[in-house]
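One line per chain: the protein sequences are C and A, in this order.
Numbering-wise, numbering that gives the first Met the number 0 puts 15 at position 16 of the first sequence, and it's gapless, one number per residue.
Numbering-wise, numbering that gives the first Met the number 0 puts 220 at position 221 of the second sequence, and it's gapless, one number per residue.
Hints in this document: simulated from the structure, not taken from any laboratory.
A virtual CB, placed ideally from N, CA and C, is assigned to each residue, including glycine.
Incorrect hints may have been included.
Distance ranges between label pairs, derived from CB positions [as the list claims (entries may be wrong)]: (1) A:GLU154 <-> C:GLN204: 24 to 34 Å; (2) C:LEU413 <-> A:PRO49: 35 to 45 Å; (3) C:ALA32 <-> A:LEU217: 52 to 62 Å; (4) C:THR492 <-> A:LEU217: 29 to 39 Å.
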Amino acid sequence: MRPIKKIVIVGGGTAGWLTAAIIAAKHRSRIPAGFSVTLVESPNVPTIGVGEGTWPTLRGTLARIGVSETEFFRECDAAFKQGARFAKWTTGTADDAYFHPLMLPQNFSQLNLVPHWLASNDEKSFCDSVCAQNQVCEQGLAPKTIATAEFDAVINYAYHLNAGKFAAFLQKHCCEKLDVKHVLADVRRVELADDGDIRCLHTEQAGVIDGDLFVDCTGFKALLIGEALGVPFRDCSDVLFCDTALAVQVPYDNEASPIPCQTISTAQSAGWIWDIGLQSRRGIGHVYSSRHISDENAQKELIAYLNMDSRNLSFRKIPIRSGYRETFWKRNCVAVGLAAGFLEPLEASAIVLIELSAKLIAEQMPACREVMDFLASRFNATTSYRWGRIIDFLKLHYVLTKRTDTPFWRDNLLPETIPQRLQDLLLLWRYQSPWFHDEFDRVEEVFPAASYQYVLYGMDFRTEVEPGSLAGTAKLAERSLRENAAMIDKLRTHLPRHRDLINKIVDRGMQVV
Amino acid sequence: MPKFELLNYQMHRHLRMQPVAGATPHFVQIVTSEFSAAALASPVMLSKDPQTGDFFVGAVMSLKPGEAPLKSVDERGGLNPLSRQCSGFYISGEQIAIDRDNPRFSEVDGELLFDDAQQPNECLRQMQIALGKYHGGLEATRSFIDSMNKLKLIEPVDMSLSFDSGEKLTIKGLYTIGLDSLRDIDDAAALRLFRSGYLQLAYTIATSLPQVGILAHLRNRQLVSNPQR
């Protein structure tokens, strides 16, 4: 038996340090018996901050790795995120917007409110009818109070964060609390064994580093999985067209300016603009398809969105390539983060995919080399499924549009650009809406049925409803809608302003219980 | 909004004070010197200040906000918490301040705060003593809570109580000292707690928890005998 005890992670960005923390926290009790996690990071390669939006899963992840949420807010410029507001995606008009919250619709596990809402022809949006979170965000309120314990919520939340600071925060925690070994060295050569496994890394500054399992977190370079092991990249730019991002950081008007508690995604002529509020600044970027718009015009659209003097702003152009590895775990090497793949940050999927992969690696950690290939194939099946579903979900935002004003939006509707599974589901949803007990209950599922509901009905999708079929749940539906309205009122009076709460957290801290 | 004024003869020579007005709240803040007496008749628990998130300690008087105490003052062993006694009075630096809008103050009813010689009357002198004890107690309690917090001994208690009337009460936002966690602290920490007197205070809080059951029993009896309650 060849035991797996030495885990070597290559790359020190968010992916590397988050993976190190998740594995080290899970296996910490094995350290006295020789288990180790080593992170090898180049002193010369700058990290790319992948996305500043996260999912509520990060709360559980941070709690499990043992960091303080108060310290996280203090050190990562973090703010709360309660969902995403999508503007101009459906018709492109000034008043066109819908909200994708992080809360489930009222009584979601008991009944599907979609047909009831559709049958009512209510002018109120689907989201506002079934969920309080949009109204909470509209009022600029936080998802909890200063008396709510760390990582607990009054209503579900995730974070916006400064990815560079987050990686540094995780590094400190990994090295000081989780016994992760940090090696600053450039990898010069990856040496393979006869059987095709990675035997060791030859580094410039730290000599030879051997390991039992290597995690490739080297970003787009994919040094191990791509360059050394030759796993091809599966391009998906035929489905998701955006291939360039233009990012900029914008200061607030003043220290007391409100911080939006949601990501704001505003559709443009050939892509969309993200707008994310941190404590000290806004991170804004234009993601676009260079086949459909020139860099110059993309920058003009971004400047028009900023609506401010942009002469002193520094714009950073980032080429992006949508797609993922054909195999994520090959031999004794598994790719996490950008080395595994990249998708436009429309639903903040980058960090959650790191969490999910690292958690799966930590939980399924092979005891010995002999069982690794079997676990790897399971990991690959799960992870491929997840990437596929995220691509479907991202594409859903584009195919529901009624915009035909530019070739970008028209091209997005071409059937050959829409994955077959999504086409099948769109047909199904014309007759029955997605809900709890169907397609999206698999453990591997990334987006719950509720997310599909919010996007579909936020973008005016219509599902046929047979009125007679609603009688059995009519009373419960009525009560649920009433309860939601009451909840909105209660939260409005109970929750503090977003910036006020962040100031209190930074000044005074939250209780751990 | 309270209307704070620094207490002085010129402004307040006609001012009188009465005993604390209004019903005793369902949860009354207490300080370390009051823990033992309170725990004889009430659950002593922690809660959080909604404005700051800081913990404070209190005695549970009733199980539902707005309901009268389930035990009379006599049944509570005469406990009259300093936080109640000092209602309307505050310390500001070296001076005493009052909330002029507190209903215990009036120029008609009650005892005059100052005598003709511009000196504090007996009622105000007693209040000065109580305020001193209260503020010293708050400091000691804060230090005790910090100690409990650092050792991760504070734990939430979510209670669900069912009554014969069919009513179900869910009580959230209260905390106690976890006995299991207390048993797990290392010897050095245990000795520190013992020497500082905090170990006894911690056990006082932890062992007062069963008083919740007694209050629930009393409330059940009252509900049965007086269903309109």
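Now the hints, each set against the structure:
For GLU154 of chain A and GLN204 of chain C, the Cβ-Cβ distance of about 47 Å falls outside the hinted range of 24 to 34 Å, so the restraint is violated. For LEU413 of chain C paired with PRO49 of chain A, a C-beta distance near 55 Å fails the hint of 35 to 45 Å. The hinted window of 52 to 62 Å between ALA32 of chain C and LEU217 of chain A holds, with their beta carbons roughly 56 Å apart. In this structure the supplied range 29 to 39 Å holds for THR492 of chain C paired with LEU217 of chain A, their Cβ-Cβ distance being about 32 Å.
Going through the hint list in order, the structure does not satisfy hints 1 and 2.
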